[in-house]
Amino acid sequence: AQSVSQHNHHVILSEAASLELGCNYSYGGTVNLFWYVQYPGQHLQLLLKYFSGDPLVKGIKGFEAEFIKSKFSFNLRKPSVQWSDTAEYFCAVNARGRRALTFGSGTRLQVQP
Amino acid sequence: DAGVTQSPTHLIKTRGQQVTLRCSPISGHKSVSWYQQVLGQGPQFIFQYYEKEERGRGNFPDRFSARQFPNYSSELNVNALLLGDSALYLCASSLELTNEKLFFGSGTQLSVL
Numbered sequence: 009a010q011s012v013s014q015h016n017h018h019v020i021l022s023e024a025a026s027l028e029l030g031c032n033y034s035y036g037g038t039v040n041l042f043w044y045v046q047y048p049g050q051h052l053q054l055l056l057k058y059f060s061g062d063p064l065v066k067g068i069k070g071f072e073a074e075f076i077k078s079k080f081s082f083n084l085r086k087p088s089v090q091w092s093d094t095a096e097y098f099c100a101v102n103a104r105g106r107r108a109l110t111f112g113s114g115t116r117l118q119v120q121p
Numbered sequence: 238d239a240g241v242t243q244s245p246t247h248l249i250k251t252r253g254q255q256v257t258l259r260c261s262p263i264s265g266h267k268s269v270s271w272y273q274q275v276l277g278q279g280p281q282f283i284f285q286y287y288e289k290e291e292r293g294r295g296n297f298p299d300r301f302s303a304r305q306f307p308n309y310s311s312e313l314n315v316n317a318l319l320l321g322d323s324a325l326y327l328c329a330s331s332l333e334l335t336n337e338k339l340f341f342g343s344g345t346q347l348s349v350l
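Chains as they are written, first to last, in this note's numbering: chain A, 9 to 121; chain W, 238 to 350.
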């Protein structure tokens, strides 16, 4: 069975600090990888995704993530966070050919002005 | 355009009762998926329906059932409610069967007393 681990449960940063949120997955086959974000009071929305090709993918609002197959990781990064990035971030994995997205437990990011 | 809509937004039930949750996908989306999100955890896959047929099922007991109607809306039914069924139930729609991009609703918060 596939599983996803997000090591940071709660991260507090000051504006302009750099961000890296860890995500590791457990699955031996080919996977599709996602980061979803939930801003306060809003629904979950897709931030970025990796299906194939360049392992460095760029998403909305200046976020990027790098797929490192040998480490089973898909970490999310942003060079300079803003107060508006305060949200909960979920990493998710979808094994090719399967219907379910498996989500991590989420990381709550708090950006202080 | 309207997003994914779910009703009701909140629901309180007692143990042993039955509940029906409703979801209307984005216009043109043929696939609906249901997820359960327990407080402090990421969403967990329950079902996926596409063109009115069940295309995937997560690790949930038979007390959970769902269906999709000709207009692609969907209902999730849970029988014989347990305290542990208290959670946020999320509906997500997508254009096709693949999970390339899911659009989530705001969810139904179910409390079982």
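If you're looking for bench data, these hints aren't it; they were derived computationally from the structure.
The reader is advised that the hints may include incorrect statements.
[As the list claims (entries may be wrong)] Subject to a maximum C-alpha distance of 30 Å in a straight line, what follows is the list of computed DSSO-like cross-link-like pairs (lysine-lysine):
id, chain 1, residue 1, chain 2, residue 2
1, W, K289, W, K338
2, A, K69, A, K57
3, W, K267, A, K57
4, W, K338, A, K69
5, A, K69, A, K79
6, W, K267, A, K69
7, A, K79, W, K338
8, A, K77, W, K338
9, W, K250, A, K57
10, A, K77, A, K57
11, A, K79, A, K57
12, A, K66, W, K338
13, A, K66, W, K267
14, A, K66, A, K86
15, W, K338, A, K57
16, W, K338, A, K86
[As the list claims (entries may be wrong)] So the derived list for chain W, only partly shown, Cβ under 7 Å to chain A, looks like this:
id, residue
17, A239
18, G279
19, K289
20, F297
21, P298
22, S302
23, Q346
[To be verified] Far from chain A by the CB rule (all over 10 Å, computed), these chain W residues:
id, residue
24, E288
25, L319
26, N336
27, L339
28, S348
The beta carbon of each residue, even a glycine, is placed where N, CA and C say it ideally should be.
Comparing the hints with the structure gives:
This hinted pair checks out: K289 (chain W) and K338 (chain W) have alpha carbons roughly 19 Å apart, not beyond 30 Å. Under the criterion of a C-alpha separation no larger than 30 Å, the hint pairing K69 (chain A) with K57 (chain A) is consistent with the structure, at around 14 Å. Distance hint between K267 (chain W) and K57 (chain A) is fulfilled; the C-alpha atoms sit about 21 Å from each other, no more than 30 Å. About 17 Å separates the Cα atoms of K338 (chain W) and K69 (chain A), which keeps this hinted pair within 30 Å; it holds.
Restraint check: the Cα-Cα separation between K69 (chain A) and K79 (chain A) comes to about 26 Å, which is no more than 30 Å; the hinted pair holds. For the suggested pair K267 (chain W) and K69 (chain A), the alpha carbons sit about 29 Å apart, so the restraint of at most 30 Å is met. Between K79 (chain A) and K338 (chain W) the CA atoms are separated by roughly 25 Å; this keeps the pair inside 30 Å, and the hint holds. Annotation: proposed proximity of K77 (chain A) to K338 (chain W) holds, straight-line Cα distance about 22 Å (limit 30 Å).
Distance restraint check for K250 (chain W) and K57 (chain A): the Cα-Cα separation of roughly 37 Å exceeds the 30 Å cut-off, and the hinted pair is therefore not satisfied. For the given pair, K77 (chain A) sits about 15 Å from K57 (chain A) by alpha-carbon distance, which is consistent with the 30 Å threshold. For the suggested pair K79 (chain A) and K57 (chain A), the alpha carbons sit about 18 Å apart, so the restraint of at most 30 Å is met. Distance check on the hinted pair: K66 (chain A) and K338 (chain W) sit about 15 Å apart at the alpha-carbon level, within 30 Å; holds.
Taken as a hint, the K66 (chain A) and K267 (chain W) pair is honoured in the structure, with Cα atoms around 28 Å apart against an allowance of 30 Å. Distance restraint check for K66 (chain A) and K86 (chain A): the Cα-Cα separation of roughly 10 Å lies within the 30 Å cut-off, and the hinted pair is therefore satisfied. For the suggested pair K338 (chain W) and K57 (chain A), the alpha carbons sit about 9 Å apart, so the restraint of at most 30 Å is met. Between K338 (chain W) and K86 (chain A) the alpha-carbon distance is near 22 Å, which keeps this suggested pair within the 30 Å criterion.
Among the interface hints, the one on A239 (chain W) is violated; its C-beta lies about 13 Å from the nearest C-beta in chain A, farther than the 7 Å criterion. Interface hint status for G279 (chain W): upheld, as the beta-carbon distance to the closest one in chain A is roughly 3 Å, under 7 Å. Because the beta carbon of K289 (chain W) sits about 15 Å from the nearest beta carbon in chain A, more than 7 Å, this interface hint is broken. The restraint placing F297 (chain W) at the interface with chain A is violated, with a minimum CB-CB distance near 11 Å, outside the 7 Å limit.
Here the hint on P298 (chain W) is broken, as its CB sits about 16 Å from the closest CB of chain A, past 7 Å. Interface restraint check: S302 (chain W) against chain A, minimum CB-CB distance 16 Å, threshold 7 Å, status violated. Proximity of Q346 (chain W) to chain A is violated relative to the hint, the smallest CB-CB distance being about 13 Å (cut-off 7 Å). Every CB of chain A lies more than 10 Å from the CB of E288 (chain W), the least distance being 14 Å, so the non-interface label holds.
Interface exclusion of L319 (chain W) from chain A stands, the closest Cβ pair being 22 Å apart, more than 10 Å. Its closest Cβ contact with chain A, about 5 Å, brings N336 (chain W) to no more than 10 Å, contrary to its assignment away from the interface. At the 10 Å boundary, the C-beta of L339 (chain W) falls inside the reach of chain A, the nearest C-beta of that chain being 7 Å off. S348 (chain W), annotated as away from the interface, keeps every beta carbon of chain A farther than 10 Å; the closest lies near 19 Å.
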